[in-house]
Amino acid sequence: MGFFGQIGTVTKLGFSTLRSRLGASLVVVIGMGCAVGAFLSVMSLSAGVTSAISRGHADRALVMSQGAQFEGASSISRTNVGTIADSPGIAKAADGRPAVSAEVSSNLSVVKKSDGLFTYLEVRGVGPEILSVRPEIHMLQGRMFRPGKFEVIVGRNTPTLYEGIGLGDKLALPQGDWTVVGIFESGGDMLESAILTDAETLASALRQPAYRSVWVKLQSPAAFATLRQALISNPALSVELTSESDYLRREGANITTILKVIAYVVGGIMGLGAMFGALNTMYSAVSNRRVEIATLRALGFRGSAVVFSVLAESLGLAVLGAVIGAVFAWAAFAGHLQSFGGIAIRLGVTPGMAVGGILFAVFLAFIGGIFPAVKAARQPIATAIRAT
Amino acid sequence: MKYIPLVFAGLWRKPTRTVFTFLSVMVAFILFGILASIESGFAHQIAIARLDRLFVDARFGGNMPIAYQNKIAVLPGVTVVEPTIGLGGYWKDRTNGFGVTMADERYVQARPEYHLTTAQMREIDRSRTGIVISRKLSERYGWKVGDRIPMTSTTRQVDGSTTWMFDVKFITDNYDFPDVAMFALGSYKYFDEARAADKGTVGRFLVRIADPNRAAAVGRAIDNLFANSPQPTRTMSEKANAEAGTASIGNITFFTRSIISAVLFMLLFLTGNTMMQSVRERIPEFAVLKTIGFSDTGVLSLVLAEAVTLCVLAGVAGLTLMKFVVPPLVKGLPGNADALLRMPWSAAVAGLGFALLTACIAGFFPALRVKRLNVVDALAGR
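Protein sequences, first through last, are from chains A and B.
If you're matching positions, the first sequence starts at 1 in the numbering used here and goes up one per residue.
If you're matching positions, the second sequence starts at 389 in the numbering used here and goes up one per residue.
Each hint should be verified, as a subset may be incorrect.
One-sided and incomplete, this derived list gives chain A residues near chain B with beta-carbon spacing under 8 Å [as the list claims (entries may be wrong)]: (1) 34; (2) 69; (3) 85; (4) 269.
I should point out that these hints are in silico values taken from the structure, not numbers from a laboratory.
Model, not experiment: these values are computed from the prediction.
Note that CB positions come from ideal geometry on N, CA and C, so glycine has one too.
Input sequences plus hints: build the corresponding full structure.
Below you can see the structure in the form of structure tokens.
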């Protein structure tokens with residue numbers, strides 16, 4: 001019998017006696033299942049945030065005042081908006097005007113449907129060329145807002161998560177009631193958790209003399225350098241240009257890092273616990289099968305075949321547990337919409353994450369199996385075979 | 389007491405198994421400690437938040453005229469009105485962000501937990517550029533009393549500069565969150581004179597009220613004052629604000645408790661399996677014990693005592709690590725991570741309770757098996 005044949009036979013024998021060791025084997029399955037399930041549950045939130053912030057377009061960029069780290073800290077005067085719009089590198093809209101959107105912002109306090117507590121939603125006043133700057137915006141229901149009227153359109157996530165935001169509803173915004181006239185989608189990005197309206201109308205209702213920031217559509221991703229140079233060298237301006245991808249990455253970096261650390265700490269510690277459980281189980285399995293293994297060795301089976309068979313059992317149990325944990329996390333969380341710090345996050349369990357979790361379990365099961373396996377292969381045949 | 393050596397002898401019969409079980413229970417309780425600390429950290433923020441302190445903010449964002457303070461102050465039940473505005477920026481490098489809250493001497497009454505004195509706040513006003521900083525902020529950037537700190541911001545001064553100079557005058561702390569609070573307080577008067585635009589505006593009024601039960605009523609009265617003005621307000625108690633703020637991060641209690649349940653579930657199987665195996669191997673020994681006069685309850689207690697000893701010792705080890713070893717290790721972590729990893733004694737006690745409970749459930753069936761053991765059959769190896 002060849003080496004692989006030996007491995008096959010010994011492994012088959014091992015699995016066939018698994019029934020008598022069911023209780024102990026369940027420890028590995030449950031341990032790995034809990035560890036992988038917990039890891040993937042936390043990661044699903046991180047993946048949701050990542051997918052919401054990773055939708056930056058290379059040909060879109062943001063102009064903020066010099067030194068501003070985020071849009072809220074930026075302020076750009078009306079005259080400067082004109083200067084920025086006339087700079088080179090900016091794409092033209094269908095009507096021939098520069099594709100820029102000078103924006104202002106306000107907020108609306110809303111009540112979450114999930115727990116009845118309030119949170120703030122961003123209300124973004126956008127320029128008339130918004131559809132050239134953000135072509136991914138499509139109306140799902142209703143129509144676009146009209147400038148000069150107190151009208152807004154809302155991202156498609158908002159009616160699901162918050163009270164009182166539906167087509168035709170009135171929102172308490174500056175200077176009175178604003179009507180929801182449309183619901184839009186925006187390719188799954190964070191705008192789908194926001195409310196959009198006309199910048200001029202919102203700015204005058206807020207009595208704000210300046211804009212907050214200016215979003216621009218570039219002629220091409222390469223035009224970024226051209227525009228940046230033009231903005232920096234213009235002595236009338238004190239602004240900086242950030243690509244949308246960089247901006248979103250910077251905004252989301254902290255939170256995704258925190259979530260990943262939590263996932264790794266939780267998954268890692270539970271995995272460690274599960275690994276010790278696997279060690280216990282496999283040591284006891286080896287000890288139960290002592291006579292059987294010694295008999296096989298006496299019949300001429302090689303020690304390495306025994307090692308492989310013990311490892312195979314450990315890995316098999318771990319993978320079974322990990323798959324159960326992954327399926328559980330996927331069924332419980334994937335696709336759920338959750339309000340997270342004022343933005344709607346669609347939780348996701350990606351195949352990559354699931355494979356990562358299963359590989360982690362395989363790694364732990366390898367450590368949990370290798371020491372007992374070597375012990376099994378090394379035990380002196382003569383004494384082991386007589387043991388009772 | 390005389391049975392203690394017997395309990396340990398039972399546990400030490402297979403050292404490897406006991407050690408592995410001990411380690412897995414220990415790491416499980418480290419994780420329990422981490423999650424319980426996070427949960428209690430957020431609960432503390434809500435518990436400590438006051439109902440008798442109101443935050444008055446601009447309803448649609450932006451700032452409010454400082455003149456609002458006089459209208460708010462005369463409302464019945466209002467004891468203190470303190471106008472504040474934040475200035476944010478960074479020190480030397482963009483990653484070294486910090487903020488200064490501009491205030492005046494009324495801040496002492498508005499936030500008594502800061503242990504400030506009126507004399508200190510007057511000195512801040514007098515020196516114009518003086519600031520009070522928290523101990524955590526001082527440790528974070530190594531700032532000492534007497535240091536001069538330049539802040540790069542986006543707020544322009546009258547002379548066109550966007551760099552603000554501050555002098556560290558005092559170091560204090562927020563005694564509701566000792567060692568972890570990050571704040572700096574400066575002079576509103578100086579800031580308002582120095583800034584180029586938006587003079588005379590306020591970001592938030594802190595309002596103290598005499599009767600916490602009237603928080604909602606006073607809040608409504610304040611908002612009604614300005615409902616038809618160009619800049620309406622939104623007033624909320626600090627309590628309501630903390631609850632909503634915590635909830636906006638997600639349902640933390642649900643999150644931590646789900647994982648704790650998964651950990652305990654896993655633990656139950658692990659220790660249960662260890663005890664079951666251990667008892668199965670020792671059936672003849674228990675039969676001998678019964679033969680020499682141990683009662684059924686006696687052997688049952690012996691098995692339970694083993695389970696409890698193992699779980700509680702491992703639990704104590706894990707919780708001790710979490711309580712005393714982890715906090716110094718995470719001191720350098722950014723943000724408030726270290727604040728969230730401080731395990732209160734209540735969580736440690738709860739952890740021990742769970743260790744005991746796990747041991748009792750996991751040890752129950754093996755113990756029952758030993759109790760019901762038929763001596764003759766067991767000795768005969770049947």
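To see whether the hints hold, each was checked on the structure:
A distance limit of 8 Å between C-beta atoms decides the matter here; for residue 34/A the minimum to chain B is near 4 Å, and the interface restraint holds. Given hint, residue 69/A at the interface with chain B, holds; its Cβ is 7 Å from that chain's nearest Cβ, closer than 8 Å. Interface restraint check: residue 85/A against chain B, minimum CB-CB distance 21 Å, threshold 8 Å, status violated. The closest approach between the C-beta of residue 269/A and any C-beta of chain B is roughly 4 Å, which is under the 8 Å cut-off, so the hint is satisfied.
When held up to the earlier numbered hints, the structure conflicts with hint 3 and nothing else.
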